[in-house]
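Engineer: Next come the chains, spelled out residue by residue.
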Amino acid sequence: MHGYGVLLRIEQISRGELQIQQGALYPALYRLEHQGLIAGEWGTSDNNRRARFYLLTPAGRRRLGQEIAGWNRLADAIGTALRATPQEL
Amino acid sequence: MRAIWARVRSLWSGLRRRPAFERDMGEEFQVHLELRTEDLIRSGLTPADAARRARVEFGGAEGHKEAARAARGLRLFDELRGDLRHAVRSLRRTPVLAGAAALTLALGVGANTAVFSLVNASLWRPLPFADPGQLVELRQTHAPPGAEARVLPWWSYPQVEALQTRLTTLAHVTGYSVGNANLSGAGIAPERVRLEIVSGSYFGLLGVPPLLGRGFLPEEDAGPGTHPVMVLGHALWVQQFGADPALIGRSLAVNGVSLTVGGVAAPGFAGASGEASVWITHAMAPQVALPEYRTSTEYFIGLLGRLRPGLALAEARAELLAVGAAVTTALRETGGADPWPGTWGVDLVSLPDARRDPAALRSQLVLTGTTMIVLLIAVLNLAGLLTARATARANETAVRAALGAGRLRLIRHAMLEGGVLGVAGGAIGILLTIWGVRLLTTFAPERLGGLRLRASTAMGHFAEPDVDWRVIGFAALVSLAAGLLAGFLPAVLATRRMENPLPGSARTSAIGTGSLRRPTVLSTTAVLQTACGLVLLAGAGTLLRELNRLRAVDPGFRAPGLVTFQLSLPDREFGAPTLVPLVERILDRMEAVPGVEAATVGCLPYRRCSWTAVRIEGRPATDPLPTVGRLYVGPDHFRTFGIPILRGRALTADDRTGRPRVAVINATAARRFWPGEDPLGKRVWFGGGGGFASPDSLTEIVGVAGDVLNGPPGTEVGADFYTSYLQYTIPATTVTVRAAAPLEVLIPALRRALMTIDPHLPLHTVRTMESWGREALASERFSAAALGVLAGLGLMLASVGVYGIMAYAVARRRREIGIRMALGMSPRAVLRLILAQGAALAAAGLALGTIAALWLSGTLTALMAGADRLEPQVLAAAAAVLVAVVLVACWVPARAAMRVDPVETLAAE
Numbered sequence: 001m002h003g004y005g006v007l008l009r010i011e012q013i014s015r016g017e018l019q020i021q022q023g024a025l026y027p028a029l030y031r032l033e034h035q036g037l038i039a040g041e042w043g044t045s046d047n048n049r050r051a052r053f054y055l056l057t058p059a060g061r062r063r064l065g066q067e068i069a070g071w072n073r074l075a076d077a078i079g080t081a082l083r084a085t086p087q088e089l
Numbered sequence: 090m091r092a093i094w095a096r097v098r099s100l101w102s103g104l105r106r107r108p109a110f111e112r113d114m115g116e117e118f119q120v121h122l123e124l125r126t127e128d129l130i131r132s133g134l135t136p137a138d139a140a141r142r143a144r145v146e147f148g149g150a151e152g153h154k155e156a157a158r159a160a161r162g163l164r165l166f167d168e169l170r171g172d173l174r175h176a177v178r179s180l181r182r183t184p185v186l187a188g189a190a191a192l193t194l195a196l197g198v199g200a201n202t203a204v205f206s207l208v209n210a211s212l213w214r215p216l217p218f219a220d221p222g223q224l225v226e227l228r229q230t231h232a233p234p235g236a237e238a239r240v241l242p243w244w245s246y247p248q249v250e251a252l253q254t255r256l257t258t259l260a261h262v263t264g265y266s267v268g269n270a271n272l273s274g275a276g277i278a279p280e281r282v283r284l285e286i287v288s289g290s291y292f293g294l295l296g297v298p299p300l301l302g303r304g305f306l307p308e309e310d311a312g313p314g315t316h317p318v319m320v321l322g323h324a325l326w327v328q329q330f331g332a333d334p335a336l337i338g339r340s341l342a343v344n345g346v347s348l349t350v351g352g353v354a355a356p357g358f359a360g361a362s363g364e365a366s367v368w369i370t371h372a373m374a375p376q377v378a379l380p381e382y383r384t385s386t387e388y389f390i391g392l393l394g395r396l397r398p399g400l401a402l403a404e405a406r407a408e409l410l411a412v413g414a415a416v417t418t419a420l421r422e423t424g425g426a427d428p429w430p431g432t433w434g435v436d437l438v439s440l441p442d443a444r445r446d447p448a449a450l451r452s453q454l455v456l457t458g459t460t461m462i463v464l465l466i467a468v469l470n471l472a473g474l475l476t477a478r479a480t481a482r483a484n485e486t487a488v489r490a491a492l493g494a495g496r497l498r499l500i501r502h503a504m505l506e507g508g509v510l511g512v513a514g515g516a517i518g519i520l521l522t523i524w525g526v527r528l529l530t531t532f533a534p535e536r537l538g539g540l541r542l543r544a545s546t547a548m549g550h551f552a553e554p555d556v557d558w559r560v561i562g563f564a565a566l567v568s569l570a571a572g573l574l575a576g577f578l579p580a581v582l583a584t585r586r587m588e589n590p591l592p593g594s595a596r597t598s599a600i601g602t603g604s605l606r607r608p609t610v611l612s613t614t615a616v617l618q619t620a621c622g623l624v625l626l627a628g629a630g631t632l633l634r635e636l637n638r639l640r641a642v643d644p645g646f647r648a649p650g651l652v653t654f655q656l657s658l659p660d661r662e663f664g665a666p667t668l669v670p671l672v673e674r675i676l677d678r679m680e681a682v683p684g685v686e687a688a689t690v691g692c693l694p695y696r697r698c699s700w701t702a703v704r705i706e707g708r709p710a711t712d713p714l715p716t717v718g719r720l721y722v723g724p725d726h727f728r729t730f731g732i733p734i735l736r737g738r739a740l741t742a743d744d745r746t747g748r749p750r751v752a753v754i755n756a757t758a759a760r761r762f763w764p765g766e767d768p769l770g771k772r773v774w775f776g777g778g779g780g781f782a783s784p785d786s787l788t789e790i791v792g793v794a795g796d797v798l799n800g801p802p803g804t805e806v807g808a809d810f811y812t813s814y815l816q817y818t819i820p821a822t823t824v825t826v827r828a829a830a831p832l833e834v835l836i837p838a839l840r841r842a843l844m845t846i847d848p849h850l851p852l853h854t855v856r857t858m859e860s861w862g863r864e865a866l867a868s869e870r871f872s873a874a875a876l877g878v879l880a881g882l883g884l885m886l887a888s889v890g891v892y893g894i895m896a897y898a899v900a901r902r903r904r905e906i907g908i909r910m911a912l913g914m915s916p917r918a919v920l921r922l923i924l925a926q927g928a929a930l931a932a933a934g935l936a937l938g939t940i941a942a943l944w945l946s947g948t949l950t951a952l953m954a955g956a957d958r959l960e961p962q963v964l965a966a967a968a969a970v971l972v973a974v975v976l977v978a979c980w981v982p983a984r985a986a987m988r989v990d991p992v993e994t995l996a997a998e
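Going down the list, the sequences are from chains W and Z. Counted from 1, the first sequence has number 62 at position 62 by our numbering; the numbering is strictly sequential. In short: position in the second sequence from 1, add 89, done, that's our numbering.
These are computed hints drawn from the structure, not numbers from a lab. Think of the CB as a built atom: it goes at the ideal place given N, C-alpha and C, for glycine as much as any other residue. Treat each hint with caution, since some may be false.
Here are the simulated distance ranges between beta carbons [stated by the list, open to error]:
1. W:86 with Z:169: 21 to 27 Å
2. W:47 with Z:489: 42 to 48 Å
3. Z:485 with W:49: 42 to 48 Å
4. W:28 with Z:566: 37 to 43 Å
Residues from chain W that face chain Z, not an exhaustive set, calculated with beta carbons under 10 Å [stated by the list, open to error]:
5. 2
6. 4
7. 71
So here's chain W without its partners, still in its complex pose (with noise of 0.2 Å):
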């Protein structure tokens, strides 16, 4: 989909406690497709407008993969750290 798209995917999913300042998506998109991650095809929008979709690549899912299991793991490991009760330190 196009920058305009993922922004509001972005606040719909996150159901609006994700907001960031619209323009610096672009820079955001502009170097994951710069380092292989995704990739920018010029296509025609709803609305008849010229505008540029965006697509993972193998690379880019393979990546995301990874983050997301490192986020996860990050989340965990605060989480443990948050519920340690004063026994089991």
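Knowing the structure of chain W, use the given hints to seat chain Z on it.
Structural biologist: Leaving out everything else, chain Z in the frame of chain W:
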């Protein structure tokens, strides 16, 4: 790995389609804004409010664009491009300064690159044959008794034949020898050409097929006299025969022998020797060149081989060592007396390695080091210049820092100015290099410092320096590095005090010359430049002094009035008994020419033409026998050369075949073999092998002559034995004549005299003995000249640098000087002040330079054997010159300081 590749691809596409990229990015942002605006309108805002809100939410578009460009890696390029444009603009505002700076660098780079081209030719440029790494050169080594082994890349034909059949590790083994020949026939005027006599496998081995026709086949050098074929060189074919393809199959005559033209060589191919234009096989050699070509045991044939694919050089070498020694020694001993006593060996080296001579490399390194010092002066010059500019622009730099430029960015910006100057200097430097290389090729001698500058191999020609891509690449690299380096130091210093960006008066503090306790950057560069200048001057002075010493060495004979020339005796008749009477008649005819006092044949001074082993009667034979120099001379030899006879008599015309054998020895021989005794009347045998048994071959010493240099001046004189060619029937072809008449009269008279004997007997290579003496010192003269030029260059650069720094310092200190003068300082005192500072600079430079010169003093021996010490007189002279130059360089700025008007400077406050 794939990630890096993706980034590179993305960067490349961004750079390549930059305008499209920018457009696309703008369009993408635009679409985003439109979509957002529409959504906001749908949620109830007015179009105007929606548009404004959308823009606010988006944030600063330009900032995001910058971040996007950075994300694509384009920012660095943009910054560099901007900095570059700015650097060029600011340099163009001061064109004189920029021009002078570029020229300074160009001189340093040019000198360096010219010397590098020499090194390049020796080391890296590939040989013009197919797959030259697989080619090897076979050589003999010979160690005269008590001396170092020398490489002899020549063999005799019987040895070549034997090796060709025995060696299996080499796919081809081909011999080649070089000589001169007369080419005639097919309607062209007879021409003297350079001939190569080669094996049948020659063209196959070198892998350079002929342009037309064919080369030789392996069987074509088998039986003597068979296959009368020749190959013609390309240049000759074009010039003399108009590139006529019908020449193939026609006959030409080489030295009068009719041969069929079998092929034309490829353009630019000049054979293994690098100078041939006609090729014939060994089969035709006895007829065309020398009757005893195939049987003679003389060494004059070069031997090349090509390794079989898959075999290593070491295997071929081992085989040669095992097989070669036995084969070649057996062949050596046939033929009686051995004129080359000593230890023999064989060796095999890769052809590219054969070109490299470690001794020559040392001398090239010393030259390179010297040019590096000149470059250092240029870089210091440039650094000083850029420092001054940086300090003058301190405010501008401070403003940029305040606006957010990081330190790295500022340094990079400042370095770019140096880089631009470096590139400009390099471009000019390359032009200077081309000119310098031409100079070098004309003047560079074959030997440098007593060591071979051009490699000691049959293929010396390929070590000629030339400007190829490696040389240009070197120049570009050096100039860029020099420029960046020169820009680096000032850049670092200019951004040093970043924490206090806008000082009130950054003007007067760090510039000027400071003092000994607080040296500034500028004064340090000045001191270093003068130190380098001293090192160069000391080096040049040392070489000059040594050269003068060598020039003053007494050669042992009277050179003025001596003229030498070569007789062009027909090669085929060499060694025939008719030659001796012929030479005798020639000498008589020479002496009859008016103005001629005496004439002789024989080896010239400053070299040795042959050696012989000698055994003294009444003493046991030592093993190995002593080796001495052997000269076959005419009866008037000593009179012609003016060599004093110290004892006994000289050789006379009566000492000829049939009379008792006599010899005259030089003083060194007398000292060496008969110390404290009278050598007259003693008898010796010459040669090794069987000659010792017979009493008839005893030679009696009848005279002792003064020592004559038999090597370059500075080398020790060896023992020499003079015998008459009339007795020993080995006449040389070099004639020396002592005459009072001027050359223009003498030479034609000699030629006419020669023609009365034989009209087809030309004389050539006419030179005065004095010119031979100069040539004996050719490498020393070249070294001294080279270092002199470099020292002059370095001194000039250093003086310009010192001048610039002092001028700048004075200009910056105008206020201070004005105030001092207003407070009562006289103009003369100001002058003295400035000059004193200049003198302090010079003193520091002298001290540093002296230490460096002493430390480096031993390195000059690579160029001139005797220049091993830095003598106090030389150092003192160099110091005096340097101090004088520095003071002169300070004079103009000092006078400018004197003329500062205190009223004016105070009024400007």
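Engineer: Would you mind marking each hint as holding or not holding in the structure?
Structural biologist: Hints, one by one, checked against the model:
In this structure the hint that residue 86 of chain W and residue 169 of chain Z lie 21 to 27 Å apart at CB is violated, the actual value being about 59 Å. A hinted range of 42 to 48 Å for the beta carbons of residue 47 of chain W and residue 489 of chain Z is consistent with their spacing of about 46 Å. Distance hint for residue 485 of chain Z and residue 49 of chain W: a CB-CB separation of about 46 Å, consistent with the stated range 42 to 48 Å. Between residue 28 of chain W and residue 566 of chain Z the Cβ separation comes to about 40 Å, which falls inside the hinted range of 37 to 43 Å.
The beta carbon of residue 2 of chain W is positioned within 10 Å of a beta carbon in chain Z (closest approach about 7 Å), and the interface hint is therefore held. At about 4 Å, the closest approach between the beta carbon of residue 4 of chain W and any beta carbon in chain Z falls short of 10 Å, and the interface hint on this residue holds. The criterion of a C-beta within 10 Å of any C-beta in chain Z is not met by residue 71 of chain W, whose closest approach is roughly 20 Å, and the hint is violated.
Violated hints for the displayed structure, listed by number in ascending order: 1 and 7.
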